[in-house]
Amino acid sequence: MKKLLSKLLGILVLLSMLLPSSSTTFGAELSNSTSDTNINITNNAGEPDILNVTDLIKGDIVNVYSSATGGISIGTATANKDGDATVSITQLGTAAGNDYVSVKSTGLLESNKIRKAYDAEAKSTPLDPTAIVVTNNAAGTSDTVVVQYVAIGDIINVYSSAIGGDLIGTANATVAGDLTASITQLGAAAGNVYISIIRKALLESARTIAVGYVAEAKSSPLDPTAIVVTNNAIGTLDTVVVQNLAIGDIINVYSSAIGGELIGTATEKVEGDLTVSIPQIEAMSGNVYVSVTSKTLLESDRTSGVRYDAEAKSAPLDPTKIIIINNAVGTNDTVVVKKVDIGDIVNVYSSAIGGGVIGTATATVAGDLTVSITQIGVVSGSVYVSVIRKTFLESYRTIPIPYAAEAKSIPLDLSSIIISNNASRTADTVVIQSLEIGDIVKVYSSALGGAVIGTATATASGLTVSITQIGAAGGTVYVSVIRKTFLESNRTSVTYAAEAKSTPINLSNITVTNNAVGTADTVVVRNLVIGDVVKVYSSATAGLVIGTATVTLVGDLTVSITQLGAISGSIYVSVTSEKLLESNKTKEITYASEAKSTPLDPINIIVINNSNGISNRVLIQNLAVGDIVKIYSISKGGPAIGKGTVITTKTDTVRVDLFVNITQIGEATGSIYVSVTKKKLLESDRILATRYF
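Read left to right, the sequence shown gives residues -27 to -1, 1 to 666 (mature numbering (1 follows the signal peptide of the UniProt record, and there is no 0)).
All the given hints hold, so there is nothing to weed out.
Once the Cα atoms are required to be at most 20 Å apart in a straight line, the calculated SDA-like pairs of lysine to any residue come out as: (1) K474 to K508; (2) K191 to N225; (3) K603 to E656; (4) K363 to A336.
No wet-lab data here; the hints were simulated from the structure.
Using the sequences and the hints given, assemble the complete structure.
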């Protein structure tokens, strides 16, 4: 009936639209409200809520509101051809409540709202505790909670307490049947869990009553008879072999039955026997205690003590197969042990018990092994030798194995030694012939003790020991040799001659020139050789060296002396030739006094005696360049009252004149005295000037 009325109403509206504008129009009408019996609300949990309206006309629009008046539509839908409209609403809320529904038909206003109540969201049905299985595995394997008979999409939550508490596990069913929630660890002891379920469109169910689980189970203890302990010596790992294990079994080896140190562990990778390697259990015999941790189980109790033997010692060496060579300092001593195996370690001691290792070596090939020792000792003695073989302890030391004292080198033959005692400027030498390469020669100043004054090492069949100076006088040196692998020989006594003197200079080869002050005096020595050193002395014995020079070129040698003295005297000359001592001084070599300049000729002196206020002048004629003229007021002594030196740049002038100015001679007539000093000569006697103007 309702549908028929609606159709008629629609026809009337259409006719009104076709009538002229002057025709009478119908007033706007409300759409018919739906009945609450035609509305059904489903309040889902965890997914959109649904509001269904039936008995509508196709095209009717349904609006849903959260309040009776005003408000915004919380959902809308259009009726299909069957007159049904389904409105999807995100969430109405977990509690019960009311919705308000209107309908708007085509051409009509929206109807009044119809209130429709809805129920609260429904909880899932609690799980049956008998359909739950809890498995409490040992550490390393997750514990599990299995819930039977779940549907696809069901979610189970596992809690540690009936109310509140931690969510310790969860799982979501992707297939119908049994669902397993995995939990890292429930705990080693027994306990309870509480499980809820969330089914599709429903709230989480109440938690189950306590679902108990048993404590983690221990692995079965090992059979001690299935355990073999091998106690090797240091250098090889000790082993604990456990038989008949499963893949994943973990073996722990302890030093005591309770507590103590974990000394070894290993995990079985293939079914069968497992070897646990331990760096070192102990040298002496003892016990270990072994446990197993099987998959999903706790560690087992430890076995009773599994005994092991003390480490075995290596068999002692045979002393007859040991050879000792005691070399001199500079070559290592050796201990050779015959017939050793690869890996054998030989130790050499200086005493039967205790003491430090003085030498050791490890065999890299089977056969003879040489232990190198820096020095056993100079004198004879004994060593004690042990061996450490693979997987064994060090053997007992051998009985004393004696060795001889180091051997001395054979002394040098006196005839093979030549000594050159040179003068101080040349090093002295000790030449030794018939040596071997590597021989070390030492030269001493005394037969016993004393310091080494020279040494050298042979690089060929002979050598020369250079010594700064043995001594000027003759004497004796003592020479030893050190040959490879031998001690130093006894010393050989070798005499040497005194240093030789240079030949004295022949007096005829010496010329002395005694120049005046201003020019150095000279001693010229002829017939010398390069390197000769000439010394000039002021006295025959002792005295100072007043001049010296060394010959650098072939020819005459001039010794320059600042001044011998104005008067005559004597000198004494020596020469020091290369590799020789200084010669004896010559006999007395006299030299003349310094020569005086020739006095001036009075005719060449003219005195000009000017009046007061004008300097007097003395003209001296026919002088040479460099002549020094002095004017005196008296014939002897007294200071010079005037002085002048002849200088000129005229190269063509041989004799020149000189004016010497004098402040005032005096108004009255009188006398002046004039001297001249020529190059390399003393001052001349004074001459009275007689010519005045």
